[in-house]
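Student: The lines below spell out each chain.
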Amino acid sequence: MDVAKQQQETMKLSDANAAAYTVRPNFEEKFRSTKIQDILYSCISDVLGDKKYEQEACSEWTKTITINIRDRLKSSNMKLERYKFIVQCVIGENKGQGVKYGCRCLWDSDTDGMAEYVYLNESLFCAVATFGIFYY
Amino acid sequence: MDDINETSFVVDEVSNVIKESIEATIGSQSYQQAKINTWTSNIVEAILNSLTKLNKPFKYIVSCVIMQKNGAGLHTASSCFWDNSTDGSCTVRWENKTMYCIVSVFGLSI
Numbered sequence: 022m023d024v025a026k027q028q029q030e031t032m033k034l035s036d037a038n039a040a041a042y043t044v045r046p047n048f049e050e051k052f053r054s055t056k057i058q059d060i061l062y063s064c065i066s067d068v069l070g071d072k073k074y075e076q077e078a079c080s081e082w083t084k085t086i087t088i089n090i091r092d093r094l095k096s097s098n099m100k101l102e103r104y105k106f107i108v109q110c111v112i113g114e115n116k117g118q119g120v121k122y123g124c125r126c127l128w129d130s131d132t133d134g135m136a137e138y139v140y141l142n143e144s145l146f147c148a149v150a151t152f153g154i155f156y157y
Numbered sequence: 713m714d715d716i717n718e719t720s721f722v723v724d725e726v727s728n729v730i731k732e733s734i735e736a737t738i739g740s741q742s743y744q745q746a747k748i749n750t751w752t753s754n755i756v757e758a759i760l761n762s763l764t765k766l767n768k769p770f771k772y773i774v775s776c777v778i779m780q781k782n783g784a785g786l787h788t789a790s791s792c793f794w795d796n797s798t799d800g801s802c803t804v805r806w807e808n809k810t811m812y813c814i815v816s817v818f819g820l821s822i
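Going line by line, the protein sequences match chains A and B. Here the working numbering runs 21 ahead of the position in the first sequence, where the first position is 1. Here the working numbering runs 712 ahead of the position in the second sequence, where the first position is 1.
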C-alpha cells in the first residue's frame with residue numbers, strides 16, 4: 022500500500038515539473054515569417070523612406086535598422102521569449118552591378134525560422150534577413 | 713580548460729574554414745552572372761559541411777554576399793540577441809579584381 026502511495030506521489034510531482042519546462046514551442050510561440058516581415062518592412066521604411074545612397078550615412082543606417090528590428094522583436098507581443106535572434110542588414114548602392122546574397126542554416130526546422138525583406142529604390146537596395154533560434 | 717573549447721564559439725577556427733571555402737570556390741575566378749548562383753550555394757554549403765564535421769553542439773547560420781566590383785558601395789551590419797558567453801559570429805571579407813565576397817557565420821549553442 023505504501024509503495025503504491027509513493028508511486029502516486031512521484032507521478033504527481035513529475036506531472037507538475039513536466040508542465041514547467043517545454044522543449045518545443047506551441048503554435049502561438051513559434052517564429053512565424055510572415056508576421057516578422059511586417060516588422061522588417063516598417064523598420065526599413067522608417068529609416069530609409071525615400072533616401073538616396075550616401076556613403077557616411079549608410080553605415081549608421083545599417084546599424085540603426087538592425088538594432089531597431091532586434092529591439093522590436095524582443096518587445097513584441099508575439100511570445101518569442103524563448104528565441105535568440107540574429108538580424109543582418111545589407112545596404113548597397115544601386116549602380117547596375119550584380120549582387121547575390123545567399124544563406125544556409127544548420128538548425129532544427131521544427132522550431133527555428135527565417136524572415137527576409139528586400140527594399141529597392143533607384144539609388145540603393147537594402148536586404149534584411151532575420152533568424153530566430155529556439156533555445157532548449 | 714577543454715570545456716571552454718567545446719562549448720563556446722571559436723572564431724579563429726571558423727575563420728580558417730571560411731577562407732578555405734572561398735578560395736576553393738571562387739579563388740581564381742572572375743565575376744560571371746551565370747555562375748554566381750552556384751558559387752554562393754557552393755561556398756555556403758561547403759562551410760556548413762566543414763562546420764558540422766567539427767562536431768560541436770551548435771546551430772549554425774552561414775550567409776554570403778557576392779558583389780561585382782563597379783565602384784558602388786556596400787554596407788553590412790548585424791545585431792544579435794543571444795548568450796554572449798557561448799554564442800558568437802565570424803565575418804570574413806574577401807576580394808579579387810572583379811568581385812567582393814562577404815561571408816558571415818553565426819554559431820548558437822544548444
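Honestly, the hints are just simulated from the structure, not real lab data. Treat each hint with caution, since some may be false.
So the derived label-pair ranges between C-beta atoms look like this [as the list claims (entries may be wrong)]: (1) A/Lys84 x B/Ser797: 42 to 52 Å; (2) B/Glu735 x A/Asp129: 28 to 38 Å; (3) B/Arg805 x A/Asn115: 19 to 29 Å; (4) A/Ser66 x B/Ser740: 25 to 35 Å; (5) B/Ser762 x A/Ala25: 51 to 61 Å; (6) A/Thr43 x B/Lys765: 24 to 34 Å; (7) B/Thr750 x A/Val139: 12 to 22 Å; (8) B/Lys747 x A/Asn115: 35 to 45 Å; (9) B/Glu725 x A/Gln27: 42 to 52 Å; (10) B/Lys747 x A/Glu137: 19 to 29 Å; (11) A/Glu49 x B/Ser727: 17 to 27 Å; (12) A/Arg53 x B/Thr810: 36 to 46 Å; (13) B/Asp724 x A/Asp23: 55 to 65 Å; (14) A/Asp131 x B/Asn761: 39 to 49 Å.
Where is the CB? At the ideal position from N, CA and C, for every residue including glycine.
Student: A separate judgement is required for each hint: does it hold in the structure or not?
Tutor: Checked hints:
| no. | hint | result |
| --- | --- | --- |
| 1 | A/Lys84 x B/Ser797: 42 to 52 Å | violated, 24 Å |
| 2 | B/Glu735 x A/Asp129: 28 to 38 Å | holds, 31 Å |
| 3 | B/Arg805 x A/Asn115: 19 to 29 Å | holds, 21 Å |
| 4 | A/Ser66 x B/Ser740: 25 to 35 Å | violated, 41 Å |
| 5 | B/Ser762 x A/Ala25: 51 to 61 Å | holds, 56 Å |
| 6 | A/Thr43 x B/Lys765: 24 to 34 Å | holds, 31 Å |
| 7 | B/Thr750 x A/Val139: 12 to 22 Å | holds, 21 Å |
| 8 | B/Lys747 x A/Asn115: 35 to 45 Å | violated, 22 Å |
| 9 | B/Glu725 x A/Gln27: 42 to 52 Å | holds, 51 Å |
| 10 | B/Lys747 x A/Glu137: 19 to 29 Å | holds, 23 Å |
| 11 | A/Glu49 x B/Ser727: 17 to 27 Å | violated, 39 Å |
| 12 | A/Arg53 x B/Thr810: 36 to 46 Å | holds, 40 Å |
| 13 | B/Asp724 x A/Asp23: 55 to 65 Å | holds, 60 Å |
| 14 | A/Asp131 x B/Asn761: 39 to 49 Å | violated, 22 Å |
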